[in-house]
Amino acid sequence: MTEFIDVDVRPILRAGGEPFSIIMATLQRLAPGQGLRLYAPFKPVPLFDVMAGKGFGHEETELGGGEWEVRFSPVGQAVPANEPPANAASADDWPAATVQLDVRELDPPEPMVRILAAIEQLVPGQTLSARLGREPVFLFRELTKRGHQWRGGFAADGSTYELTIRTGAS
Amino acid sequence: MGGNLCKWTISYFAAALAWLIAAEVLMVAGFGFPSADIAAPDTLVLVHMICLGWLSMAMCGALFQFVPVLVSRPLHAEGWILPAFVLLSAGLIALLAGFLALGGRMPPWLWLLPFGATLLIAGFALVAANLGLTLWQSRPLPASARFVALGLLAVCATMAFGGIFALALFEPAPGSLVSSVLASAVPIHAIAGLAGWLTVTAIGVSYRLLSMFMLAPDVDAGKSRLVWLFSAFMLGAAVIGGAVAVLVGQGLDLALMLSAACGLATLACYARDVAELYRKRKRRKLELNTRMVVWSFASLGAAVALGAVLAITGSLAAHVGALVFLIVFGWLSGLILANLYKIVPFLTWLETYGPVMGKAPTPRVHDLVAERRATKWFVMFFAASWAATALLMLGQPLGFRIAIAVIVVATFGILQELIRARRLTDVAAPLRLPAGALAPRLLITRT
Chain G
33 MTEFIDVDVR PILRAGGEPF SIIMATLQRL APGQGLRLYA PFKPVPLFDV MAGKGFGHEE
93 TELGGGEWEV RFSPVGQAVP ANEPPANAAS ADDWPAATVQ LDVRELDPPE PMVRILAAIE
153 QLVPGQTLSA RLGREPVFLF RELTKRGHQW RGGFAADGST YELTIRTGAS
Chain U
2 MGGNLCKWTI SYFAAALAWL IAAEVLMVAG FGFPSADIAA PDTLVLVHMI CLGWLSMAMC
62 GALFQFVPVL VSRPLHAEGW ILPAFVLLSA GLIALLAGFL ALGGRMPPWL WLLPFGATLL
122 IAGFALVAAN LGLTLWQSRP LPASARFVAL GLLAVCATMA FGGIFALALF EPAPGSLVSS
182 VLASAVPIHA IAGLAGWLTV TAIGVSYRLL SMFMLAPDVD AGKSRLVWLF SAFMLGAAVI
242 GGAVAVLVGQ GLDLALMLSA ACGLATLACY ARDVAELYRK RKRRKLELNT RMVVWSFASL
302 GAAVALGAVL AITGSLAAHV GALVFLIVFG WLSGLILANL YKIVPFLTWL ETYGPVMGKA
362 PTPRVHDLVA ERRATKWFVM FFAASWAATA LLMLGQPLGF RIAIAVIVVA TFGILQELIR
422 ARRLTDVAAP LRLPAGALAP RLLITRT
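One line per chain: the protein sequences are G and U, in this order.
Note that the working numbering gives residue 140 to position 108 of the first sequence, counting from 1, and the numbers run on in steps of one.
Note that the working numbering gives residue 112 to position 111 of the second sequence, counting from 1, and the numbers run on in steps of one.
Same shape as in the complex, but just chain G (with noise of 0.2 Å):
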């Protein structure tokens, strides 16, 4: 069972303030597998595409005179809106990687082969680190397809891809 954050929006619409940053700092605290509850005078449409971004689905529900009742959990499935950091919602359960690999200095799509070479020798459950000098697009079909999950994103120098697998059963 989801928990949830409420966050009320409705005394800072009311008040002329703007609920948007509040809704992300909120977000930014959760631990995970949290979920946020947010109560509104509108129906936040344009939220439910960003929250999906951020790896969310939604319920919403009708409260009367126009206000509305959304509750938004983490999926398992995230649909990245710009970068596609993951098909995982969060890697702090993971195990520590078995297998780490450097690829930077390989021409693409070398550091693709390689890495799902690696994969194949782990058995399931167990995870792979690997650095990479692009985000390697066509890699994350072939996870997908083969049942494992994934965590990617730049690291702060901008320049190195961080990407962590967790196999899966398949």
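Honestly, the hints are just simulated from the structure, not real lab data.
The C-beta atom is built at its ideal place from N, Cα and C for all residues, glycine as well.
Among these hints, one or two may not hold up.
Beyond 12 Å from chain U on every Cβ pair, some chain G residues (computed) [said to hold, decoys possible]: (1) L45; (2) I54; (3) I55; (4) G67; (5) Y71; (6) E92; (7) E174; (8) A188.
Think about it this way: if two alpha-carbon atoms lie no more than 16 Å apart in a straight line, the pair counts; the simulated EDC-like pairs of lysine to aspartate or glutamate are [stated by the list, open to error]: (9) U:K360 to G:D139; (10) U:K360 to G:E142; (11) U:K377 to U:E277; (12) U:K343 to G:D139; (13) U:K283 to G:E174; (14) U:K224 to U:E277.
Knowing the structure of chain G, use the given hints to seat chain U on it.
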């Protein structure tokens, strides 16, 4: 996730190449310009076979595959791609038949013109909506995707003018607004199509593809933003400025000059960015596609220089055919052919070996092609395109047709290389089809 394979991209490429070869064969036979007038119906047949059948179909196929990569998001509606293909193909065939009717080569069924235009508009609307919604849902857009958005606006403008022309040709009404648009707005239609849709889109996609293929760092967003701004002004000056000029009954000169100035600024800044991509690349040894793309850039530069000289000497009207030929063949066709030589083997490799990678030994992408053998076709293509341009300028129609015959041979050569890649002909036997791998089909991608 934008890394999915598009089922129909290869089909679009195949249709595009068929249109290209058909148009080239007609040119060798002496059909249309320069034997006929540049505005003659026969020439219109050729121009639309090449610009819609070849360039636009190839561009659409590439965009369906690469827009999702540019924005890291799946295409809005995979299911719209095939209907768009049918609408575009049927519309083009009807339009070409309409031009043949206009030229007296068929019974005078001029209704074919608005009919074909309607199908084409519907087809491009489906393409633009599909790609446009994909982009819209991906805001804020990365730099290269902004160019695609601009190119999609340009194709809409091109179609709008084309639709008006079709109506005016179907039911001539001298003195009406529609007729005056036909009389004066052809340059706007051509600029929106060639410069706006095809060139601006190619520029945008090339920023990402060049950096991907050469392992170069992405161009600084501020620099490519400048190129985008200039190209938006170029398009705005031509389309909005031109439309206003037509509506108030003024000449197009001012709008076209403004547009040309912005176009020059676009290309100057773009040239700087491309030079930087090549200079900062990590892959020192260039592959055939990136070497050949340089030649298409050279053709674009030569077209700019030629256009400037013609404009200054007042002979633009006399040689506009040669200038457009250089842009269409040396720049756009050369660019697309060179990229197809990379894209088709790469997609084929991913389609065939992706599912077994790591489970069995697989060939490298490079094993699907034979660059040394393919090089000669590209050399022939570019050399003959430049020769054909010169022969047009010199008023040598027969020489021009001979040069086009060489282009036909070169195109067939490149086509054969692409088919060999699709069929895995050049992959050595033990690696060719590892257990679990399925041989790719020629025209449709397994997704």
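So, going through the hints one by one against the coordinates:
1. Residue placement check: L45 of chain G keeps its beta carbon more than 12 Å from all beta carbons of chain U (closest about 24 Å).
2. No Cβ of chain U comes within 12 Å of the Cβ of I54 of chain G; the nearest lies about 21 Å off, and the non-interface call holds.
3. No Cβ of chain U approaches the Cβ of I55 of chain G within 12 Å, the least distance being about 18 Å, so the stated non-interface status holds.
4. Once the 12 Å rule is applied to beta carbons, G67 of chain G is consistent with being away from chain U; the minimum gap is 23 Å.
5. Annotated as non-interface, Y71 of chain G keeps its C-beta farther than 12 Å from every C-beta of chain U; the closest such distance is 27 Å.
6. With 12 Å as the threshold on Cβ separation, the claim that E92 of chain G sits away from chain U holds: the shortest Cβ distance comes to roughly 20 Å.
7. With a closest Cβ-Cβ approach of about 5 Å to chain U, E174 of chain G is found to fall inside the 12 Å limit, against its non-interface label.
8. Every C-beta of chain U lies more than 12 Å from that of A188 of chain G, the closest at about 16 Å, which supports listing it as non-interface.
9. Of the supplied pair hints, the one linking K360 of chain U and D139 of chain G is violated, its CA atoms being roughly 21 Å apart against a limit of 16 Å.
10. For the hint pairing K360 of chain U with E142 of chain G, the CA-to-CA distance comes to about 15 Å; that is within 16 Å, so the pair holds.
11. Using a Cα cut-off of 16 Å, the hinted pair K377 of chain U and E277 of chain U is violated, with the two alpha carbons roughly 28 Å apart.
12. The hinted pair formed by K343 of chain U and D139 of chain G meets the criterion: a straight-line CA distance of about 15 Å does not exceed 16 Å.
13. The suggested pairing of K283 of chain U with E174 of chain G is violated, with an alpha-carbon distance near 26 Å, which exceeds 16 Å.
14. With a CA separation close to 11 Å, the supplied pair K224 of chain U and E277 of chain U stays within the 16 Å bound.
Hint check: violations occur at hints 7, 9, 11 and 13; the rest are consistent with the structure.
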